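S.K.: Top line first, the protein sequences correspond to chains R and U.
Taken in order, the first sequence gives residues 1 to 385; the numbers are from this note's numbering.
Taken in order, the second sequence gives residues 386 to 519; the numbers are from this note's numbering.
Since the hints were made in silico from the structure, they are not lab data.
Keep in mind it's a predicted model, so treat the numbers as computed, not measured.
Glycine included, C-beta positions come from ideal geometry on N, C-alpha and C.
Treat the hints with caution; some may be incorrect.
Claimed, not checked - Where chain R lies over chain U, by a calculated footprint (3+ residues, C-beta under 8 Å):
id, segment
1, 388-402
2, 438-451
3, 455-461
4, 464-475
5, 479-489
What the hints assert, rightly or not - A few chain U residues that face chain R, going by a derived Cβ cut-off under 10 Å, partial list only:
id, residue
6, H423
7, I428
8, P430
9, N496
10, A502
11, I512
Listed below, chain by chain, are the residues.
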Amino acid sequence: MVDSLKQAAIVGIGQTEFSKNSGRSEQQLAAEAILAACQDAGIDPADIDGMTTFGLDNSDEIDVMRSLGCRDINYTTRLPQGGAASVTTIVHAKNAVESGMCDTFVIWRAMNERSQYRFGQPAMSISPDAHSSTFLEWCFPFGAQTPAAWEALSCGPYLDKFGVTSEDLGRIAVLMRKHAATNPDAWFYEKPITLEDHQASRWIIEPWLHLLDCCQESDGGVALVVTRMDKARDLKQKPARIIGAEYSMLFNHEIISDFYEGDLISHDIAERVTEKLIASCDIAPKDTNVAMIYDNFTPQILRQLEGFGYCGIGEAKDYVKDGHMELDGKSPLSPNGGLMGEGYIHGMNNITEGVRQVRGTAANQVKDVETVFLASGVAGAIIGE
Amino acid sequence: MSMRPDPIQRIDTAFFWEACERGEFVAQKCEKCDVLWHPPRPICPTCHSTEKTTQKLSGKGRLLSWVKQVTPGAFGFPEPPVAALIELEEGIRLVSNLEGVETDDIIIGMNVAVDFAETSGGKAVPIFRAAEAS
Numbered sequence: 001m002v003d004s005l006k007q008a009a010i011v012g013i014g015q016t017e018f019s020k021n022s023g024r025s026e027q028q029l030a031a032e033a034i035l036a037a038c039q040d041a042g043i044d045p046a047d048i049d050g051m052t053t054f055g056l057d058n059s060d061e062i063d064v065m066r067s068l069g070c071r072d073i074n075y076t077t078r079l080p081q082g083g084a085a086s087v088t089t090i091v092h093a094k095n096a097v098e099s100g101m102c103d104t105f106v107i108w109r110a111m112n113e114r115s116q117y118r119f120g121q122p123a124m125s126i127s128p129d130a131h132s133s134t135f136l137e138w139c140f141p142f143g144a145q146t147p148a149a150w151e152a153l154s155c156g157p158y159l160d161k162f163g164v165t166s167e168d169l170g171r172i173a174v175l176m177r178k179h180a181a182t183n184p185d186a187w188f189y190e191k192p193i194t195l196e197d198h199q200a201s202r203w204i205i206e207p208w209l210h211l212l213d214c215c216q217e218s219d220g221g222v223a224l225v226v227t228r229m230d231k232a233r234d235l236k237q238k239p240a241r242i243i244g245a246e247y248s249m250l251f252n253h254e255i256i257s258d259f260y261e262g263d264l265i266s267h268d269i270a271e272r273v274t275e276k277l278i279a280s281c282d283i284a285p286k287d288t289n290v291a292m293i294y295d296n297f298t299p300q301i302l303r304q305l306e307g308f309g310y311c312g313i314g315e316a317k318d319y320v321k322d323g324h325m326e327l328d329g330k331s332p333l334s335p336n337g338g339l340m341g342e343g344y345i346h347g348m349n350n351i352t353e354g355v356r357q358v359r360g361t362a363a364n365q366v367k368d369v370e371t372v373f374l375a376s377g378v379a380g381a382i383i384g385e
Numbered sequence: 386m387s388m389r390p391d392p393i394q395r396i397d398t399a400f401f402w403e404a405c406e407r408g409e410f411v412a413q414k415c416e417k418c419d420v421l422w423h424p425p426r427p428i429c430p431t432c433h434s435t436e437k438t439t440q441k442l443s444g445k446g447r448l449l450s451w452v453k454q455v456t457p458g459a460f461g462f463p464e465p466p467v468a469a470l471i472e473l474e475e476g477i478r479l480v481s482n483l484e485g486v487e488t489d490d491i492i493i494g495m496n497v498a499v500d501f502a503e504t505s506g507g508k509a510v511p512i513f514r515a516a517e518a519s
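Pulled out of the complex, with its shape left as it was, chain R reads as follows (with noise of 0.2 Å):
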């Protein structure tokens, strides 16, 4: 581990509004998102040196840096697998920090997925011939054709195996809409759900997945700042520091669509994360205080917390059902109402609420959080005081 005041620490925080229509063009809203997030921390975004995002992101740097007035960028890199990125920026962030490259990182993601396009409709914009993933060429023919067909037919085999019902999967939609009815910045803000209401919903994909499983559609833009604890000490706000960042990908697999290796019901990927995570900072996930859990779909909490560790293989339904992720459970679960509650920004804002959660201020805070756990499949961070 690096010397404490070269440790990486998230300094900034900022985010436009979630909607349904932004109004505005999604490179201002990336440039609103930094502009905040450099505002929180008290930095010149002229002095921003080092950025990340998605490879999915429609602005690019240089625009970037033409909206903020960036004088001068020692490194850029963009990074693969859709949302499961969204925890990977922490690890190029962490790396670009703590090497010396850069002094203040900035990572974005800005989207206009509800009113420019759907994410979550059958597009056949993406080139097969430039991306690896096989949810084109080998899934669109058979008609899977969207992010929730592929994800419930990898699913499948382990909610079989263990027999989770409908039911178990609506619990946790359930809290995750409890959570967003408390949180103003939520698009469900005021709007929590019952069992009925998500049993009742519309199916989506049979035999899994109700309208209710599934994340939302989003305009909005996130971004975080981060930088070293020798540097964070002179800024505005209380560091979280970024204690571990890991990442994994495993061969032969991929994101969304991964079908053609292992078992299809331990979560490989997230149990290498969690051997790395340990042998890097000597804290489990689940030994932290706040779990933001990537959720784009219900059936993918259960799995990342068995492959997190947070309980044994075919446990993780009643991990839920027992209480554990509410608010004053043992490892409460995306008190923002994560991204079915609050808004999809592709994950991102799942890791300004960790941060919130960190600094305390929070609108659904968690007593005495020492530290979160921050997590999106393939990628883990903890993050703390």
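Starting from the structure of chain R, add chain U where the hints point.
M.R.: Here is chain U on its own, set in the frame of chain R:
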């Protein structure tokens, strides 16, 4: 008249779809080390040979998972088909369709056998139907 989307064909994968048009179900096989790979890829991950051949498959396998994309409805299909993840007896997996079985009668692990379906542009894709245990 089928409205099913034509397969996307790429330089590394066209052999698979062309075989389907001839009514043959094949997988990529490495010429050097005989390992089968699906989906096909430009180089053998085991021995790194780029010399590839094909092997005819038995067409027999079992159902690992299935879904029906109800909302939004599947593009190119009057009714959502049953999309299926199949594990073939040769050990490789592919996404396809399960046809001719009511959803209430689908059992994970059931035996299936290959058939072919026409696409809107006159191409062909492999699909599966229920089969007796082999």
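S.K.: Confirm or reject the coverage of the segment 455-461 of chain U by chain R under the rule of 3 or more residues with a beta carbon closer than 8 Å to the chain's beta carbons.
M.R.: holds (count 6)
S.K.: Establish whether the coverage given for the segment 388-402 of chain U by chain R is satisfied; the threshold is a Cβ-Cβ distance below 8 Å, and no fewer than three residues must meet it.
M.R.: holds (count 7)
S.K.: So, P430(U) near chain R? Judge it on the closest CB pair being under 10 Å.
M.R.: Interface hint status for P430(U): holds (8 Å vs cutoff 10 Å).
S.K.: Going by Cβ atoms only, is H423(U) closer than 10 Å to chain R?
M.R.: 8 Å, holds
S.K.: Please verify the coverage claim for the segment 464-475 of chain U: does it have three or more residues whose C-beta sits within 8 Å of some C-beta in chain R?
M.R.: Result for this restraint: holds, n = 5.
S.K.: Three residues minimum, CB to CB under 8 Å: does the segment 479-489 of chain U make the cut for coverage by chain R? Let me know.
M.R.: Per the Cβ count (5), the hint holds.
S.K.: Counting residues of the segment 438-451 of chain U with a beta carbon closer than 8 Å to any beta carbon of chain R, are there 3 or more?
M.R.: holds (count 3)
S.K.: Does I512(U) pass the interface check with chain R, least Cβ-Cβ distance below 10 Å?
M.R.: Where the cut-off is 10 Å and the nearest Cβ of chain R is about 8 Å from I512(U), the hint holds.
S.K.: At a threshold of 10 Å, is the proposed contact between N496(U) and chain R supported by beta-carbon distances?
M.R.: Interface hint status for N496(U): violated (16 Å vs cutoff 10 Å).
S.K.: Measuring from the C-beta of A502(U) to each C-beta in chain R, is the shortest one below 10 Å?
M.R.: Since chain R brings a Cβ to about 9 Å from A502(U), closer than 10 Å, the hint holds.
S.K.: Grab the minimum C-beta distance from I428(U) to chain R and call the hint holds if it beats 10 Å, violated otherwise.
M.R.: 13 Å, violated
Consistency with the previously given hints fails for numbers 7 and 9, ordered from lowest to highest.
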